[in-house]
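Asker: Each chain, written out:
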Amino acid sequence: MKIVLTPDWFIGKDLPIYFISLVVLIIISVLAIRSYKLNKKNKGLLNLGIGFGLIALATLAGVFTKLVLYYDIGPAQAIGQAIITSQIFSSVDVFYYLGFFFHNLLFLIGLYIIYRVPKKRLNLGDYVLTLYLLALSALLSVNEGFFYLFNLTSLILLTLIIKHYYKIYKENKFANTKLLLIVFSILALSNFIYIFSQLEILYVLANIIEILSYVILLFLIIRILKHGEKKKPYEHNIRYADNNPRKKRRN
Amino acid sequence: MNIISDMLTIIRGKREGIKPTHLMYKANLSHNQMKLYLNELIKKNLIEKTISKKDNRITITKSGRDFLLQYTRMKEFEKTFGL
Numbered sequence: 000m001k002i003v004l005t006p007d008w009f010i011g012k013d014l015p016i017y018f019i020s021l022v023v024l025i026i027i028s029v030l031a032i033r034s035y036k037l038n039k040k041n042k043g044l045l046n047l048g049i050g051f052g053l054i055a056l057a058t059l060a061g062v063f064t065k066l067v068l069y070y071d072i073g074p075a076q077a078i079g080q081a082i083i084t085s086q087i088f089s090s091v092d093v094f095y096y097l098g099f100f101f102h103n104l105l106f107l108i109g110l111y112i113i114y115r116v117p118k119k120r121l122n123l124g125d126y127v128l129t130l131y132l133l134a135l136s137a138l139l140s141v142n143e144g145f146f147y148l149f150n151l152t153s154l155i156l157l158t159l160i161i162k163h164y165y166k167i168y169k170e171n172k173f174a175n176t177k178l179l180l181i182v183f184s185i186l187a188l189s190n191f192i193y194i195f196s197q198l199e200i201l202y203v204l205a206n207i208i209e210i211l212s213y214v215i216l217l218f219l220i221i222r223i224l225k226h227g228e229k230k231k232p233y234e235h236n237i238r239y240a241d242n243n244p245r246k247k248r249r250n
Numbered sequence: 000m001n002i003i004s005d006m007l008t009i010i011r012g013k014r015e016g017i018k019p020t021h022l023m024y025k026a027n028l029s030h031n032q033m034k035l036y037l038n039e040l041i042k043k044n045l046i047e048k049t050i051s052k053k054d055n056r057i058t059i060t061k062s063g064r065d066f067l068l069q070y071t072r073m074k075e076f077e078k079t080f081g082l
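Listed in order, the protein sequences are those of chains A and B. Counting along the first sequence from 1, when you hit position 55 you're at 54 in numbering that gives the first Met the number 0, and nothing is skipped either side. Counting along the second sequence from 1, when you hit position 65 you're at 64 in numbering that gives the first Met the number 0, and nothing is skipped either side.
Watch out, some of these pointers could steer you wrong.
Stated by the list, open to error - The calculated lysine-lysine pairs, modelled on DSS-like cross-linking and capped at a C-alpha distance of 27 Å, are:
1. B:K74 to A:K118
2. B:K74 to A:K119
3. B:K61 to A:K162
4. B:K13 to A:K42
5. A:K225 to B:K61
6. A:K172 to B:K13
7. A:K40 to B:K18
8. A:K225 to B:K34
9. A:K166 to B:K74
10. B:K78 to A:K118
11. B:K43 to A:K177
12. A:K39 to B:K42
13. A:K42 to B:K43
14. B:K42 to A:K36
15. A:K162 to B:K13
16. B:K53 to A:K225
17. B:K43 to A:K12
18. B:K18 to A:K36
19. B:K78 to A:K119
20. B:K74 to A:K36
21. B:K74 to B:K52
22. B:K18 to A:K39
23. A:K172 to B:K74
24. A:K118 to A:K39
25. B:K43 to A:K225
26. A:K177 to A:K162
27. B:K43 to A:K36
28. B:K43 to A:K40
29. B:K13 to A:K39
30. B:K74 to A:K169
31. A:K225 to A:K36
32. A:K177 to B:K74
33. B:K78 to A:K169
34. A:K36 to B:K78
By construction, these hints were calculated from the structure, which means they are not laboratory data.
So that you can see chain B by itself, here it is in the shape it has in the complex (with noise of 0.2 Å):
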């Protein structure tokens, strides 16, 4: 959870959105976990991806910018009450 939140935040920073690679060093994660979340989140409409001859590219949805806040007002509840 805390990584699908990590890289939800960085594909947001990129308005224009963020290559793969970018994500993936951004993401300090592997080839092959970078794969299989982003696999994940583009199956539950969180990201898409746009593929165009000059370079392939990973955006956010809107469900993946509400999924983001309710994440973070969720961290904040938990932080709040020791939970």
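So that you can see chain A by itself, here it is in the shape it has in the complex (with noise of 0.2 Å):
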């Protein structure tokens, strides 16, 4: 059975693409957190900073897994013996439903709480109905014949937050907006090419696009850091009912 989609000559090669995936989630997670703690009326940055986080454990998942079966080291290797000599599984089907499911269920989860940011809470009846079918999507795409489930699932989560951030830049014209409204757009097309990924070549591709959007979503993360830091020109008269930047953002 082939156990990934990746191509022989590639294998080990993506493990960068999500280290720094990796590195990037966790910066824009701890900082949706952090900014929660700031305010913590606003709820939705903890739901960012919890939908974020989600996302980054699932590429923990993935690179873990990974590693496990491209080089079969450490634990892998002796939980891995003590089921083939039980005659179950081989080591690599084990660590690769495992560490897949919860790598395709995390992330999955992860779209879905930043896709339901911006809305009105459901009843729990709706939650579990969704996390079962998420669960579902998850679990069925560990099987090779239904692999692009998860991608497609993606797909149309990334889909749903691609439209509701192009309807907040319609509003705010920000240029912030508009690069996130990219990361987005940038990752749901490299699931749209995952879903094909077994053509090796549209597999490597998926893989760059992929890594593509989480640069610019590290450019983006830089820009709001680097914007606490400059000063305002307005900021020795404020407050100044005829230069107050509040009064101003309204027009």
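Given two chains presented individually in distinct reference frames, assemble the corresponding complex, making use of the accompanying hints.
Answerer: So, in structure tokens, the structure goes:
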């Protein structure tokens, strides 16, 4: 059985992509949660932090699984050997199913939380149903024949997220929101290409496009962080009626 | 929160400190409002008051600068995500 869609010549080369994504996702999650600590009234910040945090965890699960699969290292060997001895599965199968299932599930829940951020709260039943469907999608896509289900579900969630941020961008015309829109659009494009990733070249292309989205996300984070260091030109008379930035923003 | 950040921004703009009356005008606050906010900011160690024979001046502390930095980043983050 082919355990991953990674072409042989690309094995190991995709790991740096995962690492970079992981770092970027952790930074944005921490930034959102720290912002929430400053303004606890804004639960959206917390939800964003949790959403990106779950995607970071998903990426971590992906890195760990691929490390085990590619290099058959450490505890995986011991656990795998024990399982082989008891003739249940091969070590590779166990890590493949568990690792990628958690990767898929956490990624989808993370995206769903980001999608839900601006929306009103649902009742418990709706959340349970959604979680069940996401888990089903994550579980089925671990099988070789249905691998595309995960990317298809991600693509649908990303399309909904893009629609939301496009609406926000139309209202605020803010460069950072535009960048965010680009990030999610590129990520959606990579997921679209992943659907056809049984073709080796498309798998590699999707990987490259995915890393591009995380690089732009990193650029966006740097812009946000740098903004805090800028001194505003109006800071000497900030609350004057004729020079009030809030008043200007309304125009 | 917005008023506090605006006050801190004004104070940060004056390296040698700002007189309370100037701050009151620049922040467009009433005397009572400003007194209330100043006490809060001093209590939280975000600003400090230097009393001399010549005049009283308010300066921003390191915690105040850090707070302002975090606050500005938070606002930028909120604006980016439309929150």
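Asker: Now, for every hint given, state plainly whether the structure supports it.
Answerer: Quick rundown of the hints versus the structure:
no. : hint             : result
1   : B:K74 to A:K118  : holds (20 Å)
2   : B:K74 to A:K119  : holds (22 Å)
3   : B:K61 to A:K162  : violated (42 Å)
4   : B:K13 to A:K42   : violated (35 Å)
5   : A:K225 to B:K61  : holds (18 Å)
6   : A:K172 to B:K13  : violated (33 Å)
7   : A:K40 to B:K18   : violated (33 Å)
8   : A:K225 to B:K34  : violated (32 Å)
9   : A:K166 to B:K74  : holds (19 Å)
10  : B:K78 to A:K118  : holds (17 Å)
11  : B:K43 to A:K177  : violated (37 Å)
12  : A:K39 to B:K42   : holds (20 Å)
13  : A:K42 to B:K43   : holds (24 Å)
14  : B:K42 to A:K36   : holds (19 Å)
15  : A:K162 to B:K13  : violated (44 Å)
16  : B:K53 to A:K225  : violated (38 Å)
17  : B:K43 to A:K12   : violated (50 Å)
18  : B:K18 to A:K36   : violated (32 Å)
19  : B:K78 to A:K119  : holds (19 Å)
20  : B:K74 to A:K36   : holds (13 Å)
21  : B:K74 to B:K52   : violated (39 Å)
22  : B:K18 to A:K39   : violated (32 Å)
23  : A:K172 to B:K74  : holds (16 Å)
24  : A:K118 to A:K39  : holds (18 Å)
25  : B:K43 to A:K225  : holds (25 Å)
26  : A:K177 to A:K162 : holds (12 Å)
27  : B:K43 to A:K36   : holds (16 Å)
28  : B:K43 to A:K40   : holds (20 Å)
29  : B:K13 to A:K39   : violated (30 Å)
30  : B:K74 to A:K169  : holds (19 Å)
31  : A:K225 to A:K36  : holds (20 Å)
32  : A:K177 to B:K74  : holds (17 Å)
33  : B:K78 to A:K169  : holds (13 Å)
34  : A:K36 to B:K78   : holds (17 Å)
Hint compliance for this structure: hints 3, 4, 6, 7, 8, 11, 15, 16, 17, 18, 21, 22, 29 are not met, and every other hint is.
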